[in-house]
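Assemble the complex: chain D is given as a structure, and chain A must be docked to it using the hints.
So the protein lines, in turn, are chains D and A.
Residues in the first sequence are numbered from 1 upward in steps of one, following our numbering.
Residues in the second sequence are numbered from 1001 upward in steps of one, following our numbering.
Keep in mind the hints are simulated off the structure, nothing from the lab.
Some hints could be false.
Some chain D residues close to chain A (C-beta under 10 Å, calculated; not the full set) [unchecked claim]:
{"id": "1", "residue": "Arg-16"}
{"id": "2", "residue": "Ile-20"}
{"id": "3", "residue": "Gly-295"}
{"id": "4", "residue": "Thr-296"}
{"id": "5", "residue": "Val-446"}
We treat Cβ as the ideally placed atom computed from N, Cα and C, and that holds for glycine.
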Amino acid sequence: MTLLMPTPEPAIMSQRGELIARLGAILPSESLIVDEVSRRAYECDAFTMYRALPLVVALPGNVEQVRAIMALAAEMNVKVVPRGAGTSLSGGSMPLEDGILLGMSKFNRILEIDYENRCARVQPGVQNLAISKAVEAQGFYYAPDPSSQIACSIGGNVAENAGGVHCLKYGLTTNNILGLEVVLMGGDLIRLGGKHLDSEGYDLIGLMTGSEGLLGVVTEVVVRLLQKPPVARGLLLGFASVTAGARCVGAIIARGVIPAGLEMMDRATIHAVERFQPCGYPLDAEALVIVELDGTPAEVDHLVSVVQDIAREEGATTIRASTSEAERLQFWAGRKNAFPAVSCIAPDYLCMDGTIPRARLPEALAGMERLAKEQGLSVANVFHAGDGNLHPLILYDASKEGDVERAEKLGFDILRLCVSLGGVLTGEHGVGVEKRDLMGEMFSDVDLEQQMRLKCAFDPAGRLNPGKVFPTLHRCAEFGMMHVAGGKMPFPDLPRF
Amino acid sequence: MMQAALATLEIRDESDAVDAICAANAKGVSCAIVGGGSKSQLGRCAPQTQALSTPALAGVTLYEPNELVLSARAGTRLSEIEALLENNGQQLAFEPMDYGPLLGAEAGYATIGGVIAANASGPRRIKAGAARDHLLGFRCVTGRGEQVKSGGRVMKNVTGYDLSKLVCGSYGTLALLTELTLKVLPKSETECTLLAIGADEAESLALLRRATATPCEPSSLAMLPAGVALALDADAAAIRLEGPTISVTARRDDLVARLSGGGVRFETLDERDSTTLWRGLRDAAPIAAQVGQVWRISVAPTEGFAVVERIRRAGVPLLAHFYDWAGGLIWLCVETTSDAYAAVVRAAVDVSGGHATLIRASQETRTIVDVFHPQPAALAALTRRVKESFDPAHILERGRMRAEF
Chain D
1 MTLLMPTPEP
11 AIMSQRGELI
21 ARLGAILPSE
31 SLIVDEVSRR
41 AYECDAFTMY
51 RALPLVVALP
61 GNVEQVRAIM
71 ALAAEMNVKV
81 VPRGAGTSLS
91 GGSMPLEDGI
101 LLGMSKFNRI
111 LEIDYENRCA
121 RVQPGVQNLA
131 ISKAVEAQGF
141 YYAPDPSSQI
151 ACSIGGNVAE
161 NAGGVHCLKY
171 GLTTNNILGL
181 EVVLMGGDLI
191 RLGGKHLDSE
201 GYDLIGLMTG
211 SEGLLGVVTE
221 VVVRLLQKPP
231 VARGLLLGFA
241 SVTAGARCVG
251 AIIARGVIPA
261 GLEMMDRATI
271 HAVERFQPCG
281 YPLDAEALVI
291 VELDGTPAEV
301 DHLVSVVQDI
311 AREEGATTIR
321 ASTSEAERLQ
331 FWAGRKNAFP
341 AVSCIAPDYL
351 CMDGTIPRAR
361 LPEALAGMER
371 LAKEQGLSVA
381 NVFHAGDGNL
391 HPLILYDASK
401 EGDVERAEKL
411 GFDILRLCVS
421 LGGVLTGEHG
431 VGVEKRDLMG
441 EMFSDVDLEQ
451 QMRLKCAFDP
461 AGRLNPGKVF
471 PTLHRCAEFG
481 MMHVAGGKMP
491 FPDLPRF
Chain A
1001 MMQAALATLE
1011 IRDESDAVDA
1021 ICAANAKGVS
1031 CAIVGGGSKS
1041 QLGRCAPQTQ
1051 ALSTPALAGV
1061 TLYEPNELVL
1071 SARAGTRLSE
1081 IEALLENNGQ
1091 QLAFEPMDYG
1101 PLLGAEAGYA
1111 TIGGVIAANA
1121 SGPRRIKAGA
1131 ARDHLLGFRC
1141 VTGRGEQVKS
1151 GGRVMKNVTG
1161 YDLSKLVCGS
1171 YGTLALLTEL
1181 TLKVLPKSET
1191 ECTLLAIGAD
1201 EAESLALLRR
1211 ATATPCEPSS
1221 LAMLPAGVAL
1231 ALDADAAAIR
1241 LEGPTISVTA
1251 RRDDLVARLS
1261 GGGVRFETLD
1271 ERDSTTLWRG
1281 LRDAAPIAAQ
1291 VGQVWRISVA
1301 PTEGFAVVER
1311 IRRAGVPLLA
1321 HFYDWAGGLI
1331 WLCVETTSDA
1341 YAAVVRAAVD
1351 VSGGHATLIR
1361 ASQETRTIVD
1371 VFHPQPAALA
1381 ALTRRVKESF
1391 DPAHILERGR
1401 MRAEF
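Same shape as in the complex, but just chain D:
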């Protein structure tokens, strides 16, 4: 399968020399990466299937530099691709050959920790986990914990609306930020929110979060800090079928319990994990459910017994409750190792990210098995069971003729299946380039046009991260959104993929 990106514009390519010279007037030389070998380091993010060599890499160190770069890009009509830590699984920060790659890694400072207002003001390049580390001594943490949290940056988390295993109870990035500072294409700086809740006016913080770098460049984030619960306990529940496991998950929630974490994995994953690094998972189970309950000691003990009762009623074949912090962490160790473990049972895997209404899980699994068989491939499954977010890992061998295409085809088929069951294409990894061409499965042309009009409201020339999220590029003028100066279109040759 080939991914069609916007054709590099000759007008931009031919201005590379001038662009570099003018960027050199904005940035110190060590913040500008020009030579090909060094640029190669930026040719992809964690979605490695597709790569492109950026025109130039700019690493600004302060807001004034970002503003100057965005003003220059608008003036010279050059594209810009923002990048955080480069951990996107959907190609959100994949470079463009005719675009500036704007790396935000130098924005790596925690500017202020305000315990009394339970928030922290941080620069976008700060690692997700570094925030929790900085406040843990005072008993606080930052809730969203994507599995890439040791590497991913908070700016990237905002761009992708990152989730994690605790989002059933504590929400995604969008539910945990209070303020943003954003530089728009052209260099305007806007401040949204702050340390207070619910800024009136349109919720542009909500819109920016999950906008995949298409609307603006985040230069500062105010995150909410939560008090760490005094106790957390884990439960490990084994089931004779995935359906039984899914039923138990539904029963826990039906009983009014919202666990801090509620994860499930299938037999293939359990075995892969046990082979990778044994952590005591039951090998006879077809499905394993991990439940985490947190709160005050009395509450947690009470809830653990409630969940144990439910598991018994639902016919669990294994029921273990952690009695120490070490044991709780051991329950999680296998889950946290699931991806590397799976990479040991197959040369390559492709991680998908659909979400379905939880009750449709048995149908989704049966459907996936059928689709995998059609392609002659197999799938290992890890789920954020509480919120219906599936991570089917498609196992393939890139060295085998046609396997990459089959894996991609299967991935697309699985996402179509998710949509047909009332679900969505992506729960937390983003659309990026990976799922861009599937957007029509979920949205009508009119739906997508409205989203693209919003893009035009932020970026009328379509210069910020184009080619991502939307399966077609339009001129904003087509939507009646752009004033065409003197009848001259800035980009006469926009492609449609």
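Relative to the frame of chain D, chain A by itself:
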């Protein structure tokens, strides 16, 4: 109330909305969107040419308690949804405020569409999130007359822009919402409220902030100056605890131990009294009965007291006030004057950041004073472009949020 003479079109389904909005675009006339009318006096006073009435666009279309999801057409009464959830031991955790009584209308008329359009959230917002955190997806007809959907019915979804956030708090200026899908949550087994009585206003607020830094998980924190609620003759801090009985009791005892000292005495309100108190605070009851203009101010919790002090010291005659959200939300009733002391109030807020919304004032005042906090130029320009991406001809709720659209 004074807009009764408005020509009204009844919207029964999406195609009615498309027809009405397309016709309005053709004629260039502006439209109010009216559900139960509980918020018709909220926002800038900007008379519209016609009203699009949504109560016939009603009914719960999906409710799966085990999936924690409910969909309803926009004109569905909030009270109907809350009763349905109550029967299943569930709730809208953001605790939507009923603006009716504060704005001189009856209670109980709010529709779910209006709740979302105003992002109406109550005291539990500080822990559970706002309306915007519970809207999973929606259908609407935009100001261009186009049927658009966004989001879905699942909890985790990052497919495309999160327009759900954008329509929350948009006061009908972007689109006529037709159907909303909400995350619903289990109701707590029980609740109680711990009252800490006897510290002064600033100390009580500091005590609330101390409570937020404990692991006791308070779900609401209000500061009630003497006389505004509960017939208390001294200032009080009120802290709501919710959860299983065993946990609520333990956390209350823990909280008393952590907050003791400084001459405060503690009282506990049981479940019934606690529910009544927070329902009243949700609807701003302590100041609703006062005759005066009402401001709703959102600032960082540590700044609440300073903002009120600045306003007081500037000579603004305060009739009553109280704080919610651990001091971050101020409900303020001032003696009626032509400009509602807008310049003073906003200057007091701007020192440290936040916003002040003029919730209750006469139509004359809401014509000459910005109801919503003024925005810096770049943000105002962007806001207008966002508006026009949905409604280029300013058909929907023209002038309700900003004079320029």
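Hint check:
1. Arg-16: violated (30 Å)
2. Ile-20: Violated - the Cβ of Ile-20(D) stays beyond 10 Å from chain A, reaching only about 29 Å at its closest.
3. Gly-295: holds (7 Å)
4. Thr-296: holds (6 Å)
5. Val-446: Holds, because the Cβ-Cβ distance from Val-446(D) to chain A comes to roughly 5 Å (cut-off 10 Å).
Checked against the numbered hints given earlier, the structure breaks hints 1 and 2 and satisfies all the rest.
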